[in-house]
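**Q** Listed here are the chains, written in short residue letters.
Protein chains: 2
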Amino acid sequence: MIGHDELRERAVALDAADPLAAYREQFVLEPDVLAYLDGNSLGRLPRRTQERLAEVLRHEWGGRLIRGWSEGWAELPVQVGDEIGALVGAAPGQCVVADSTSVCLAKALHAAVSLVPGRDRLVVSAVDFPTDRYLARRVARDRGLEVVEVQPTDSSGLTAQDVGALLDDHTAVVLLSHVDYRTGSLLDLAEVTAMVHAAGGVVVWDLCHSVGVVPTELDAAGVDLAAGCTYKYLNGGPGAQAFVYAAARHLPVLDQPLPGWWSAEDLFAMADELRPAVDARRLLSGTPSVLGLVAVREGVALAMKAGIDRARTKSELLTSFCIDVLDHLADSGVALEVVTPRDPDRRGSHVTVRLADARGVTDRLIERGVVPDFREPDLLRLGLAPLTTSFVELHDGLVVLGEVLAH
Amino acid sequence: MIGHDELRERAVALDAADPLAAYREQFVLEPDVLAYLDGNSLGRLPRRTQERLAEVLRHEWGGRLIRGWSEGWAELPVQVGDEIGALVGAAPGQCVVADSTSVCLAKALHAAVSLVPGRDRLVVSAVDFPTDRYLARRVARDRGLEVVEVQPTDSSGLTAQDVGALLDDHTAVVLLSHVDYRTGSLLDLAEVTAMVHAAGGVVVWDLCHSVGVVPTELDAAGVDLAAGCTYKYLNGGPGAQAFVYAAARHLPVLDQPLPGWWSAEDLFAMADELRPAVDARRLLSGTPSVLGLVAVREGVALAMKAGIDRARTKSELLTSFCIDVLDHLADSGVALEVVTPRDPDRRGSHVTVRLADARGVTDRLIERGVVPDFREPDLLRLGLAPLTTSFVELHDGLVVLGEVLAH
Numbered sequence: 001m002i003g004h005d006e007l008r009e010r011a012v013a014l015d016a017a018d019p020l021a022a023y024r025e026q027f028v029l030e031p032d033v034l035a036y037l038d039g040n041s042l043g044r045l046p047r048r049t050q051e052r053l054a055e056v057l058r059h060e061w062g063g064r065l066i067r068g069w070s071e072g073w074a075e076l077p078v079q080v081g082d083e084i085g086a087l088v089g090a091a092p093g094q095c096v097v098a099d100s101t102s103v104c105l106a107k108a109l110h111a112a113v114s115l116v117p118g119r120d121r122l123v124v125s126a127v128d129f130p131t132d133r134y135l136a137r138r139v140a141r142d143r144g145l146e147v148v149e150v151q152p153t154d155s156s157g158l159t160a161q162d163v164g165a166l167l168d169d170h171t172a173v174v175l176l177s178h179v180d181y182r183t184g185s186l187l188d189l190a191e192v193t194a195m196v197h198a199a200g201g202v203v204v205w206d207l208c209h210s211v212g213v214v215p216t217e218l219d220a221a222g223v224d225l226a227a228g229c230t231y232k233y234l235n236g237g238p239g240a241q242a243f244v245y246a247a248a249r250h251l252p253v254l255d256q257p258l259p260g261w262w263s264a265e266d267l268f269a270m271a272d273e274l275r276p277a278v279d280a281r282r283l284l285s286g287t288p289s290v291l292g293l294v295a296v297r298e299g300v301a302l303a304m305k306a307g308i309d310r311a312r313t314k315s316e317l318l319t320s321f322c323i324d325v326l327d328h329l330a331d332s333g334v335a336l337e338v339v340t341p342r343d344p345d346r347r348g349s350h351v352t353v354r355l356a357d358a359r360g361v362t363d364r365l366i367e368r369g370v371v372p373d374f375r376e377p378d379l380l381r382l383g384l385a386p387l388t389t390s391f392v393e394l395h396d397g398l399v400v401l402g403e404v405l406a407h
Numbered sequence: 001m002i003g004h005d006e007l008r009e010r011a012v013a014l015d016a017a018d019p020l021a022a023y024r025e026q027f028v029l030e031p032d033v034l035a036y037l038d039g040n041s042l043g044r045l046p047r048r049t050q051e052r053l054a055e056v057l058r059h060e061w062g063g064r065l066i067r068g069w070s071e072g073w074a075e076l077p078v079q080v081g082d083e084i085g086a087l088v089g090a091a092p093g094q095c096v097v098a099d100s101t102s103v104c105l106a107k108a109l110h111a112a113v114s115l116v117p118g119r120d121r122l123v124v125s126a127v128d129f130p131t132d133r134y135l136a137r138r139v140a141r142d143r144g145l146e147v148v149e150v151q152p153t154d155s156s157g158l159t160a161q162d163v164g165a166l167l168d169d170h171t172a173v174v175l176l177s178h179v180d181y182r183t184g185s186l187l188d189l190a191e192v193t194a195m196v197h198a199a200g201g202v203v204v205w206d207l208c209h210s211v212g213v214v215p216t217e218l219d220a221a222g223v224d225l226a227a228g229c230t231y232k233y234l235n236g237g238p239g240a241q242a243f244v245y246a247a248a249r250h251l252p253v254l255d256q257p258l259p260g261w262w263s264a265e266d267l268f269a270m271a272d273e274l275r276p277a278v279d280a281r282r283l284l285s286g287t288p289s290v291l292g293l294v295a296v297r298e299g300v301a302l303a304m305k306a307g308i309d310r311a312r313t314k315s316e317l318l319t320s321f322c323i324d325v326l327d328h329l330a331d332s333g334v335a336l337e338v339v340t341p342r343d344p345d346r347r348g349s350h351v352t353v354r355l356a357d358a359r360g361v362t363d364r365l366i367e368r369g370v371v372p373d374f375r376e377p378d379l380l381r382l383g384l385a386p387l388t389t390s391f392v393e394l395h396d397g398l399v400v401l402g403e404v405l406a407h
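Chains A and B are the protein sequences, given in the same order.
Going by this note's numbering, the first residue of the first sequence is number 1, and it counts up by one from there.
Going by this note's numbering, the first residue of the second sequence is number 1, and it counts up by one from there.
Be aware that a few hints might be false.
The calculated label-pair distances, taken between Cβ atoms and stated as ranges, are [said to hold, decoys possible]: (1) E75/B with A86/A: 32 to 40 angstroms; (2) E265/A with V392/B: 39 to 47 angstroms; (3) E51/B with G307/A: 32 to 40 angstroms; (4) G307/A with L29/B: 40 to 48 angstroms; (5) L267/B with A22/A: 52 to 60 angstroms; (6) A198/B with S155/A: 40 to 48 angstroms; (7) E51/B with G72/A: 23 to 31 angstroms; (8) A198/B with S70/A: 43 to 51 angstroms; (9) A165/B with A220/A: 52 to 60 angstroms; (10) G144/A with G200/B: 47 to 55 angstroms; (11) E265/B with S155/A: 28 to 36 angstroms.
Simulated from the structure, these hints should not be mistaken for laboratory data.
Glycine is no exception: its CB is placed at the ideal position from the N, C-alpha and C atoms.
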């Protein structure tokens with residue numbers, strides 16, 4: 001029953017009805033890959049990025065050299081930041097693109113702690129991505145706070161209630177991931193932000209697994225700070241720079257722990273005393289990579305053109321179809337457990353299954369041209385990218401998963 | 001007398017005798033530029049970087065996607081770090097390439113402070129690059145230290161004696177630039193390091209303006225920590241990632257302030273508790289940019305092939321010839337003052353002149369295809385890159401400078 005005709009027909013029909021189907025042609029598709037199901041780790045290469053980088057090399061670095069800085073490069077961190085801002089509901093001037101996600105999160109966390117003097121607890125998810133927890137502990141240690149780790153009561157991931165139960169008048173900062181990197185579980189960003197504010201704390205959101213696929217209204221929700229990466233659903237390239245957001249109401253006095261000449265109001269003043277910018281440039285430190293920003297910008301442009309609402313609609317259809325096929329496999333006797341929430345409103349854009357030998361299965365899938373993502377010890381993540389994953393690709397990849405598991 | 005035949009003949013002869021002359025052909029030369037004299041701000045584009053980035057886009061990101069991380073990308077920060085290590089006298093395992101210069105310096109400074117508990121002064125040059133001073137003040141504030149700024153007694157830049165006069169048993173950390181970003185003055189790294197150690201402190205060297213052009217023996221000198229950028233004489237591209245060095249004797253216990261999953265001994269363990277690497281990977285934080293590292297690597301490869309000793313020899317010839325031509329201009333009645341030390345052993349690879357209207361002169365030079373670098377309020381920097389600057393190019397650019405100043 002694996003690869004059941006009816007499911008494939010549904011996939012074909014879903015592709016035919018998909019208003020974003022043509023976006024796939026804007027990306028390089030790997031000849032040896034049957035199904036790329038890891039868009040939540042590294043998004044595909046936009047064709048335009050290849051062309052644009054070649055142009056920037058030849059005409060800008062190669063042709064203009066240092067003059068490039070006064071001919072547009074210096075504005076890139078803010079321009080691309082504002083473009084990402086448009087995807088996450090942030091008005092201009094509050095986002096910049098620069099540094100790695102870790103460094104952006106560290107800046108946001110230190111800045112957040114300074115906003116709530118006199119409080120002594122930093123709340124973090126016990127199941128968050130390692131870097132988030134390492135940084136939370138480190139910032140807490142440096143700033144004299146105690147870390148409180150929230151354990152999820154539901155195996156699929158944290159709920160707003162889990163977080164709420166730990167908030168009190170000790171709460172300084174709450175660091176949370178919008179989408180759980182393992183299970184794909186989605187928190188209600190507005191609800192949790194309001195809970196943290198009601199307790200008198202400030203919130204830092206990690207948007208790595210939601211930016212580009214989950215509509216996010218940072219300004220409307222009154223979020224304090226956020227950061228996220230651009231190499232997943234924004235297709236910015238391996239290790240592409242991250243973005244960091246700080247609300248306009250905080251920026252004029254924001255205490256940024258890594259000041260450099262790029263944090264200044266006037267970049268070329270090079271003054272003896274730093275006069276920090278009062279907009280998001282305050283969050284910059286050193287010279288940002290131009291090649292990196294050019295690549296991020298092309299990926300972001302595609303996401304903006306597709307539109308976050310259409311991306312979310314397709315993402316829900318992809319994850320729902322994925323769960324239907326996985327259920328079909330389970331009904332056929334294949335041993336797997338879907339750990340991602342079945343309610344589309346409670347999940348991001350990846351679906352995770354628990355398997356006995358997830359590592360071995362991953363290896364065998366890759367041998368057969370199906371690229372998923374393995375997470376210790378027993379999870380297989382299937383990252384579905386609305387701009388590049390087709391329903392037929394997903395279906396065919398899951399058929400191979402069924403065959404591998406059946407053996 | 002400007003553009004005196006004899007000087008141009010000398011330039012032609014110096015080019016003819018230059019063992020590195022052929023390297024110039026390995027770089028993209030801008031058609032509208034008569035003389036590029038800003039290699040100390042942004043180095044030229046290696047032709048091979050264009051080819052290599054196109055390959056990596058097409059075959060690695062485009063072709064291998066997430067598999068690239070286990071097929072070589074993950075080793076790049078260490079590999080390129082070790083290659084730069086070879087240029088600065090550091091044995092493998094002590095350098096990594098990642099993050100901006102500012103972030104690398106911040107890591108080095110925080111780590112340095114942790115090495116000297118109980119001491120309360122951070123010494124920094126009063127004339128250093130703004131970021132260095134901003135970061136020194138910030139780290140001092142965060143760690144409860146007092147900043148002591150060293151004023152140079154000589155207008156060309158700090159001397160070892162200036163630094164030595166301020167060292168005592170309060171000295172925790174000394175942050176210094178190997179080459180002064182404005183005047184080009186060079187400190188004796190081994191001598192100053194020994195002085196700091198004799199006082200019981202640790203030293204952090206900023207190698208931005210010396211890496212690739214001044215032989216540096218970090219290990220032999222017993223340097224504690226160092227950082228430097230790759231977009232000047234290493235031709236890594238605009239905003240390319242920096243490198244950071246920590247001595248092997250410090251690394252196993254080094255206190256790195258920005259821990260992330262890339263700091264771990266086992267990158268993919270993603271353990272609940274961070275077990276940091278005991279080599280330079282400990283200095284990494286988040287996912288490094290692959291495109292950035294690929295570009296840096298090509299620039300570094302050219303510097304390694306040329307050899308640091310040959311680069312230094314040519315650099316000294318370039319700066320000496322530059323000063324000779326400037327003296328010739330001054331003798332002809334042009335109002336300029338060379339502020340760079342006249343002793344080749346006391347300077348790096350740029351020559352700085354003080355002018356009445358340095359900004360206006362810079363604009364007029366650029367109009368005529370000569371690209372220097374302006375520094376507030378009255379300095380014109382002439383950055384001479386041994387791999388790409390020819391003596392004739394330098395000569396012809398200075399002739400235009402003479403003409404501009406004569407009007």
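**Q** Each of the hints needs a verdict: does it hold here or not?
**A** Results for each hint:
no.: 1; hint: E75/B with A86/A: 32 to 40 angstroms; in the structure: 37 angstroms, holds
no.: 2; hint: E265/A with V392/B: 39 to 47 angstroms; in the structure: 42 angstroms, holds
no.: 3; hint: E51/B with G307/A: 32 to 40 angstroms; in the structure: 37 angstroms, holds
no.: 4; hint: G307/A with L29/B: 40 to 48 angstroms; in the structure: 44 angstroms, holds
no.: 5; hint: L267/B with A22/A: 52 to 60 angstroms; in the structure: 37 angstroms, violated
no.: 6; hint: A198/B with S155/A: 40 to 48 angstroms; in the structure: 60 angstroms, violated
no.: 7; hint: E51/B with G72/A: 23 to 31 angstroms; in the structure: 25 angstroms, holds
no.: 8; hint: A198/B with S70/A: 43 to 51 angstroms; in the structure: 45 angstroms, holds
no.: 9; hint: A165/B with A220/A: 52 to 60 angstroms; in the structure: 58 angstroms, holds
no.: 10; hint: G144/A with G200/B: 47 to 55 angstroms; in the structure: 28 angstroms, violated
no.: 11; hint: E265/B with S155/A: 28 to 36 angstroms; in the structure: 29 angstroms, holds
Hints 5, 6 and 10, counting from the list given before, are not met by this structure.
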